[in-house]
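Novice: The lines below spell out each chain.
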Amino acid sequence: MKTRILGWLALVAIAAATLNSLVGVPADLNQGDAQRIMYVHVPSAWLAYLSFGVTALGGIGWLWRRDPRFDWAALAGAEIGVLFTAFTLWAGAMWGRPVWGTFYQWEDPRILSTTVLLALYAGYLLLRRLTDDPIRRANRAAVVGIVAALDIPIVHFSVEWWRGLHQGPTIGSPERIFNPAAPDLFVRALLSMLAAFTLAWLYLMIRRYQLAALHARTDEAARRGSLAAARAAAEPGVPDVVPARPVEPAS
Amino acid sequence: MNPLPFVVAAYAVVVGGTAAYAAWLWRRLAAARRQLDEATPTVDRERRDA
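Residue numbers (our numbering), protein chains in the order written: chain A, 1 to 251; chain B, 1001 to 1050.
Just so you know, the hints here were simulated from the structure itself, not pulled from any lab data. Since we're looking at a predicted model, the values are computed, not measured. Just to be clear, a hint being listed does not mean it is correct.
Think about it this way: if two alpha-carbon atoms lie no more than 25 Å apart in a straight line, the pair counts; the simulated SDA-like pairs of lysine to any residue are [said to hold, decoys possible]:
#: 1; chain 1: A; residue 1: Lys-2; chain 2: A; residue 2: Asp-151
#: 2; chain 1: A; residue 1: Lys-2; chain 2: A; residue 2: Pro-183
#: 3; chain 1: A; residue 1: Lys-2; chain 2: A; residue 2: Leu-199
#: 4; chain 1: A; residue 1: Lys-2; chain 2: B; residue 2: Leu-1004
#: 5; chain 1: A; residue 1: Lys-2; chain 2: B; residue 2: Ala-1020
#: 6; chain 1: A; residue 1: Lys-2; chain 2: A; residue 2: Arg-224
#: 7; chain 1: A; residue 1: Lys-2; chain 2: B; residue 2: Ala-1023
#: 8; chain 1: A; residue 1: Lys-2; chain 2: B; residue 2: Ala-1032
#: 9; chain 1: A; residue 1: Lys-2; chain 2: A; residue 2: Ile-154
#: 10; chain 1: A; residue 1: Lys-2; chain 2: B; residue 2: Arg-1034
#: 11; chain 1: A; residue 1: Lys-2; chain 2: A; residue 2: Arg-69
#: 12; chain 1: A; residue 1: Lys-2; chain 2: B; residue 2: Ala-1030
#: 13; chain 1: A; residue 1: Lys-2; chain 2: B; residue 2: Asp-1037
#: 14; chain 1: A; residue 1: Lys-2; chain 2: B; residue 2: Ala-1019
#: 15; chain 1: A; residue 1: Lys-2; chain 2: B; residue 2: Gly-1016
#: 16; chain 1: A; residue 1: Lys-2; chain 2: B; residue 2: Ala-1022
#: 17; chain 1: A; residue 1: Lys-2; chain 2: B; residue 2: Ala-1009
#: 18; chain 1: A; residue 1: Lys-2; chain 2: B; residue 2: Met-1001
#: 19; chain 1: A; residue 1: Lys-2; chain 2: A; residue 2: Leu-22
#: 20; chain 1: A; residue 1: Lys-2; chain 2: B; residue 2: Leu-1025
#: 21; chain 1: A; residue 1: Lys-2; chain 2: B; residue 2: Trp-1026
#: 22; chain 1: A; residue 1: Lys-2; chain 2: B; residue 2: Pro-1005
#: 23; chain 1: A; residue 1: Lys-2; chain 2: B; residue 2: Gly-1017
#: 24; chain 1: A; residue 1: Lys-2; chain 2: A; residue 2: Ile-146
#: 25; chain 1: A; residue 1: Lys-2; chain 2: A; residue 2: Leu-50
#: 26; chain 1: A; residue 1: Lys-2; chain 2: B; residue 2: Val-1008
#: 27; chain 1: A; residue 1: Lys-2; chain 2: B; residue 2: Ala-1031
#: 28; chain 1: A; residue 1: Lys-2; chain 2: B; residue 2: Leu-1029
#: 29; chain 1: A; residue 1: Lys-2; chain 2: B; residue 2: Gln-1035
#: 30; chain 1: A; residue 1: Lys-2; chain 2: B; residue 2: Asn-1002
Just so you have them, the derived chain A footprint on chain B, three or more residues with Cβ under 8 Å [to be verified]:
#: 31; segment: 1002-1011
#: 32; segment: 1024-1030
Stretch by stretch, here's where chain B covers chain A in the computed footprint (C-beta under 8 Å, at least three residues) [to be verified]:
#: 33; segment: 22-36
#: 34; segment: 64-74
#: 35; segment: 113-125
#: 36; segment: 150-164
Glycine is no exception: its CB is placed at the ideal position from the N, C-alpha and C atoms.
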């Protein structure tokens, strides 16, 4: 019930923040209406980082505690992270064409490292499909999820470490957060979109986690069902399976 | 170059995609609940018969 309320709250928040960013805020003096794309591009990038952070922490939690709940959280983070990374690249391309004159540039470190991030976590999701054994799947996924997270700081600091087409970090040092160069109207629009999308992210994470838990319970029920059926077939009458001979103690 | 089609395309995919993913998750959850309901009585029946 609480999750449902969260979902409705996120929906209303996104609708209000979207309306504000599209018609409530004036167009930028230099970039015009193209600047409005930043209000969906930046939250998408932030949520991609957050999701993959959850995946890495979930992987560490699984390897440390062997609790499947960590693995379910890691899976939720990876799937939602892939979605928001794709959104980041898409919104960036839509902004890049009218402002830079190109949808995509392979030489740009930020764009390329974000594409690599997308490929890494898409690979993570594919890797999870390679085995039905939940323990082996969680082990492999945890290692890949942790190693892939090394790309997150590379993506974030790529604009400072290397020269490229992409501008500097939107959210970087605390000094820039508390003393932004942009007008208050623009900052408020961006922060409201960040808050609205973070609410939606929380709702999606909870639902995806619940789905992973349900799948695990169904797999477990199916396994128990198969075992029960095998026992029922083996026990009555002459057993199909010859019982193992008792092991004689070694002399 | 008129940036409005690009703005519309960006918002349509990001906002619409988030909503579509939420709806898809909701359907997958409903299907998973049905699947679990179907699997559980089978296990109980087999246990009883065994």
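Novice: Taking the hints in turn, state whether each one holds.
Specialist: Do the hints match the structure? See the list:
{"no.": "1", "hint": "A/Lys-2 <-> A/Asp-151", "in the structure": "violated, 35 Å"}
{"no.": "2", "hint": "A/Lys-2 <-> A/Pro-183", "in the structure": "violated, 36 Å"}
{"no.": "3", "hint": "A/Lys-2 <-> A/Leu-199", "in the structure": "holds, 13 Å"}
{"no.": "4", "hint": "A/Lys-2 <-> B/Leu-1004", "in the structure": "violated, 38 Å"}
{"no.": "5", "hint": "A/Lys-2 <-> B/Ala-1020", "in the structure": "holds, 21 Å"}
{"no.": "6", "hint": "A/Lys-2 <-> A/Arg-224", "in the structure": "violated, 32 Å"}
{"no.": "7", "hint": "A/Lys-2 <-> B/Ala-1023", "in the structure": "holds, 17 Å"}
{"no.": "8", "hint": "A/Lys-2 <-> B/Ala-1032", "in the structure": "holds, 20 Å"}
{"no.": "9", "hint": "A/Lys-2 <-> A/Ile-154", "in the structure": "violated, 37 Å"}
{"no.": "10", "hint": "A/Lys-2 <-> B/Arg-1034", "in the structure": "holds, 22 Å"}
{"no.": "11", "hint": "A/Lys-2 <-> A/Arg-69", "in the structure": "holds, 20 Å"}
{"no.": "12", "hint": "A/Lys-2 <-> B/Ala-1030", "in the structure": "holds, 17 Å"}
{"no.": "13", "hint": "A/Lys-2 <-> B/Asp-1037", "in the structure": "holds, 23 Å"}
{"no.": "14", "hint": "A/Lys-2 <-> B/Ala-1019", "in the structure": "holds, 19 Å"}
{"no.": "15", "hint": "A/Lys-2 <-> B/Gly-1016", "in the structure": "holds, 23 Å"}
{"no.": "16", "hint": "A/Lys-2 <-> B/Ala-1022", "in the structure": "holds, 16 Å"}
{"no.": "17", "hint": "A/Lys-2 <-> B/Ala-1009", "in the structure": "violated, 33 Å"}
{"no.": "18", "hint": "A/Lys-2 <-> B/Met-1001", "in the structure": "violated, 46 Å"}
{"no.": "19", "hint": "A/Lys-2 <-> A/Leu-22", "in the structure": "violated, 30 Å"}
{"no.": "20", "hint": "A/Lys-2 <-> B/Leu-1025", "in the structure": "holds, 17 Å"}
{"no.": "21", "hint": "A/Lys-2 <-> B/Trp-1026", "in the structure": "holds, 15 Å"}
{"no.": "22", "hint": "A/Lys-2 <-> B/Pro-1005", "in the structure": "violated, 38 Å"}
{"no.": "23", "hint": "A/Lys-2 <-> B/Gly-1017", "in the structure": "holds, 23 Å"}
{"no.": "24", "hint": "A/Lys-2 <-> A/Ile-146", "in the structure": "violated, 31 Å"}
{"no.": "25", "hint": "A/Lys-2 <-> A/Leu-50", "in the structure": "holds, 22 Å"}
{"no.": "26", "hint": "A/Lys-2 <-> B/Val-1008", "in the structure": "violated, 33 Å"}
{"no.": "27", "hint": "A/Lys-2 <-> B/Ala-1031", "in the structure": "holds, 21 Å"}
{"no.": "28", "hint": "A/Lys-2 <-> B/Leu-1029", "in the structure": "holds, 16 Å"}
{"no.": "29", "hint": "A/Lys-2 <-> B/Gln-1035", "in the structure": "holds, 24 Å"}
{"no.": "30", "hint": "A/Lys-2 <-> B/Asn-1002", "in the structure": "violated, 43 Å"}
{"no.": "31", "hint": "1002-1011", "in the structure": "holds (count 8)"}
{"no.": "32", "hint": "1024-1030", "in the structure": "holds (count 4)"}
{"no.": "33", "hint": "22-36", "in the structure": "holds (count 6)"}
{"no.": "34", "hint": "64-74", "in the structure": "violated (count 0)"}
{"no.": "35", "hint": "113-125", "in the structure": "violated (count 0)"}
{"no.": "36", "hint": "150-164", "in the structure": "violated (count 0)"}
Hint compliance for this structure: hints 1, 2, 4, 6, 9, 17, 18, 19, 22, 24, 26, 30, 34, 35, 36 are broken, all remaining hints hold.
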